[in-house]
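Trainee: Sequence:
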Amino acid sequence: MDRSTIFGLIIGIGGILLGNFIEGGHIASLLQGTAFLIVMAGTLGAVLVSNRTRDIKLGYKLFLNSFKEQKLNFEMPISEILDCARLAKKESPLALEPKLNQLRSPMLKEILKNVIDGVDPKLTRQIFENIIEKEEQKLLQAGKIWIDAGGFSPTIGIIGAVLGLIHVMGNLSDTSKLGMGIAVAFVATIYGVGFANLIFLPIGNKIKKNVFEISKHKLMILDGALLVGTGLNAQLIEQKLISYTSNNERRV
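Reading the sequence shown from the start, the letters are residues 1 to 252 in the working numbering.
Since the hints were made in silico from the structure, they are not lab data.
Only a predicted model underlies this, so the values are computations on that prediction, with no experimental measurement involved.
Beta carbons are placed, not taken as given, at the ideal position from N, Cα and C, and that holds for glycine.
Among the hints, a few may not be true.
To be verified - 27 Å max Cα-Cα, derived DSS-like pairs, lysine-lysine:
#1 138 to 71
#2 68 to 99
#3 90 to 122
#4 68 to 138
#5 134 to 89
#6 89 to 71
#7 209 to 113
#8 122 to 216
#9 209 to 90
#10 57 to 122
#11 216 to 61
#12 113 to 208
#13 144 to 240
#14 57 to 71
#15 138 to 89
#16 113 to 57
#17 99 to 209
#18 144 to 99
#19 90 to 109
#20 71 to 90
#21 68 to 89
#22 61 to 113
#23 57 to 216
#24 208 to 71
#25 90 to 208
As the list claims (entries may be wrong) - What follows is a set of in silico ranges between Cβ atoms, one per label pair, in the way DEER data are often shown:
#26 129 to 239: 33 to 39 Å
#27 4 to 52: 17 to 23 Å
#28 18 to 53: 37 to 43 Å
#29 8 to 137: 35 to 41 Å
#30 1 to 91: 23 to 29 Å
#31 16 to 239: 46 to 52 Å
#32 239 to 48: 26 to 32 Å
#33 68 to 16: 36 to 42 Å
#34 213 to 48: 26 to 32 Å
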């Protein structure tokens, strides 16, 4: 579980509710089913119209994953790359072939196959950079549905408020309900702006950061695997790969 996501939602929503309570407001006054329906249904409809079905399905999965802590293992592929580098330098890249099935990183295995086969490193880099970029764009496009939702939601909230005011204006004869009717109308605006800035946009940004971290992980593997074929010293390769890790600490 990603604690920052959970704590962020609790602090953000809780702070608003607490502030409302301190000012003498009641939580019940902010719970309006009609306003919620207008904002959520309207936002969902706009997102469905503007995005492809496959992006929405993947975007939903990314939303769920944003509540889980993303733990990319940088140490494991670095260790495997360094082992391969030592073997390739001691013997030759061809000596890596029996070791391929023992590798736990599928991407490292595929790149090293090209290294063993003597494929031009520039071509190999181009091939796998294209693969990484394509996967990154796929995930970013799916994650963008939450950024889109954050853009649509406030406007839908305003529509809900206007609809509520229209209803109020149609019942001006009953002045006792005028104030409450206006208050209810503006709850839709609160929902629209609140969902956008507390949920949709933050989740969209978190997904984007997670996607960039995944791409960085793959690029590290690509760089390391290609360096194996150069016969470079394992210590120098390690220095290069350590720069990709978030803490930049040398392996023990």
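Trainee: Output the numbers, in ascending order, of every earlier hint that fails for this structure.
Mentor: Per hint list: 2, 5, 6, 7, 9, 10, 12, 13, 15, 16, 17, 18, 20, 21, 22, 25, 26, 27, 29, 30, 32 and 33 violated.
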